[in-house]
Each structure stands twice: as C-alpha cells, then as structure tokens.
Amino acid sequence: MKVIDLTHIINEKMPVYPGTDTPKLTPVNTYKKDGFKETFLQMYTHTGTHVDPPAHIYEGKKTLDEFSIDQFIGKALVIDCRMLKEGEPITMENLKVYGEKTDMADFLLFNLGWDKRWGSDEYFGDYPCIDDEVMDYILKGNYKGIGFDVMGLDPIADENLTRHKKLFENCDIINIENLTNLEQCGDELFWFGCFPLKIENCDGSPIRAVAWFN
1 MKVIDLTHII NEKMPVYPGT DTPKLTPVNT YKKDGFKETF LQMYTHTGTH VDPPAHIYEG
61 KKTLDEFSID QFIGKALVID CRMLKEGEPI TMENLKVYGE KTDMADFLLF NLGWDKRWGS
121 DEYFGDYPCI DDEVMDYILK GNYKGIGFDV MGLDPIADEN LTRHKKLFEN CDIINIENLT
181 NLEQCGDELF WFGCFPLKIE NCDGSPIRAV AWFN
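Note that UniProt numbering has the sequence shown beginning at 1, numbered continuously upward.
Hints in this document: simulated from the structure, not taken from any laboratory. Computed from a predicted structure; not experimentally measured. Glycine included, each C-beta is placed from N, C-alpha and C at the ideal position. Hints are supplied without guarantee of correctness; some may be wrong.
[To be verified] The list that follows gives simulated cross-link-like pairs (lysine to aspartate or glutamate, EDC-like), each with its CA atoms no further than 20 Å apart: (1) LYS2 to ASP136; (2) LYS75 to ASP106; (3) LYS166 to ASP187; (4) LYS62 to ASP5.
[What the hints assert, rightly or not] Label-pair ranges, simulated between beta-carbon atoms: (5) CYS171 to PHE40: 51 to 57 Å; (6) THR30 to LYS165: 26 to 32 Å; (7) LEU197 to LYS85: 50 to 56 Å; (8) ILE199 to ASN11: 19 to 25 Å; (9) ASP132 to LYS85: 18 to 24 Å; (10) GLY99 to LYS13: 40 to 46 Å; (11) THR39 to ARG82: 35 to 41 Å; (12) ASP132 to MET83: 19 to 25 Å; (13) ARG82 to TYR17: 41 to 47 Å; (14) THR22 to GLY99: 28 to 34 Å.
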C-alpha cells in the first residue's frame with residue numbers, strides 16, 4: 001500500500017493566518033530532570049493543515065466533535081489548478097476535465113501548487129479561489145469536504161469570509177486548508193483521511209491528512 005502525507009509539520013516558525021500567533025512548544029519535563037520528555041503545546045485551532053466545520057463561522061452550527069467519524073474519511077480527487085495565475089479564479093472548466101470522477105468523490109482537493117511557497121512571504125499572496133459556479137456545484141453535491149493547499153477558502157484580503165459563509169450557511173460539510181503534496185496523488189480517485197482532534201465544541205482542529213492507494 002502506498003501512503004502519502006499531505007500535512008505540513010507544526011513548529012514555532014511556521015506560517016500562520018495574519019493576526020494569529022505561531023505555535024509555542026515549551027519543554028516542561030526533560031530526560032535529565034524528570035526521566036521523560038513532555039512538551040506544553042499552545043496554538044490556535046486553525047493552525048497549519050487543519051479543518052473547519054460550520055461552527056467556525058456560524059454560532060449554533062455543527063462543531064467538529066458533532067460530526068460522525070466517517071465524515072473524515074472517503075474517496076478524494078485532486079483537481080489540478082497549478083496552471084492558474086495569481087488572482088485567477090478556479091472555474092468549472094478546471095473540474096470538467098475529470099468527467100464523472102468529480103461526482104464519485106467524497107472530497108474535492110484543489111492543487112494550486114501553493115504549498116511550494118510554504119515558509120515564504122509568497123504564501124500569503126493572491127492565490128486562486130473557487131468562483132460562485134464552483135461553489136454552487138459543491139453545495140449541490142453530496143461532498144463530505146473540500147480542501148486546498150493555500151491559507152484559506154477565501155482570499156486573505158476578504159475579511160468578510162464570503163466563501164466560508166456561503167459554504168457553511170446551509171451545509172454540514174468540512175473545509176480543509178494548508179494541504180501539501182497534492183501533486184503526488186495523481187488524477188484518479190484515492191482513499192483520503194483528515195482526522196481532527198476530538199475537542200469539545202470544536203471550531204477547528206489541526207489534522208493529519210493522508211492519502212493512500214491499494
């Protein structure tokens with residue numbers, strides 16, 4: 001079985017959403033002093049490769065811990081959008097080349113190639129985002145989730161979070177951000193998992209996103 005890690009590593013120097021703090025990994029027990037190692041971890045729930053539920057945007061909507069565990073596993077398809085220029089929208093033309101495979105997937109994962117900019121100022125640039133037609137297509141489908149190798153579903157400049165609001169307003173779906181290595185997944189359906197921490201009333205969580213092929 002072939003397995004691909006689609007997750008960025010968490011460290012104190014990683015990129016984070018503007019206005020939030022980087023993670024803190026503070027040693028509290030050491031081999032020399034205590035005979036074991038333990039670290040105090042402090043970070044935002046939307047750090048690194050992570051997943052958003054509807055409760056990220058709307059009070060009273062579904063939290064991550066309220067989803068069934070099978071929400072986070074299924075068949076995925078990578079939509080290659082690396083040909084798009086900065087600020088250019090992701091349109092239905094980018095999906096149509098995959099034919100009926102888009103309807104067979106539980107997750108649509110959009111590869112912008114932006115993960116190659118991880119760790120640089122370019123990562124915070126004007127990355128392509130899905131347009132209204134693609135959003136409507138997703139909302140009419142039976143998808144468990146969508147995902148991207150960029151900082152957000154919305155452009156960083158959109159403080160209104162327009163796409164987040166439309167995605168979560170009437171749909172119990174998850175949104176995954178800051179994926180990596182999507183180019184290794186090919187253009188066929190594959191197994192995908194994106195399991196969050198099981199935190200009470202959870203508005204978001206880092207995940208270990210993984211693709212595997214039998």
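Exercise. Starting from the hint 41 to 47 Å, judge whether the C-beta atoms of ARG82 and TYR17 obey it.
Key: Violated - the Cβ-Cβ distance for ARG82 and TYR17, about 23 Å, lies outside 41 to 47 Å.
Exercise. For the pair supplied as a hint, LYS166 and ASP187, confirm whether the alpha-carbon distance does not exceed 20 Å.
Key: Not OK: LYS166 and ASP187 at ~28 Å, beyond 20 Å, violated.
Quiz prompt | CB-CB spacing for ARG82 and THR39 relative to the 35 to 41 Å hint | solution = Holds: the Cβ-Cβ distance is about 36 Å, inside 35 to 41 Å.
Quiz item: Given a hinted range of 19 to 25 Å, is it respected by the beta-carbon distance of ASP132 and MET83?
Solution: holds (21 Å)
Exercise. Could you tell me whether the CB distance from THR22 to GLY99 stays inside 28 to 34 Å?
Key: violated (42 Å)
Exercise. With respect to the beta-carbon atoms only, verify the hint that ASP132 and LYS85 lie 18 to 24 Å apart.
Key: Distance hint for ASP132, LYS85 holds at roughly 19 Å.
Exercise. Verify the proposed pairing of LYS62 with ASP5, using a straight-line Cα cut of 20 Å.
Key: violated (27 Å)
Practice problem: Take the C-beta atom of THR30 and the C-beta atom of LYS165, compute their distance, and say whether it sits inside 26 to 32 Å. | Solution: violated (46 Å)
Quiz prompt | Hint check for ASN11 and ILE199 - Cβ pair distance inside 19 to 25 Å | solution = holds (21 Å)
Quiz item: Given the hinted pair LYS75 and ASP106, is their alpha-carbon gap at most 20 Å?
Solution: holds (5 Å)
Self-check item: Verdict for GLY99, LYS13 (Cβ pair) under range 40 to 46 Å
Solution: Given about 42 Å between the Cβ atoms, the range holds.
Practice problem: With a cut-off of 20 Å on the C-alpha distance, tell me whether LYS2 and ASP136 pass. | Solution: violated (34 Å)
Hint check: violations occur at hints 1, 3, 4, 5, 6, 7, 13, 14; the rest are consistent with the structure.
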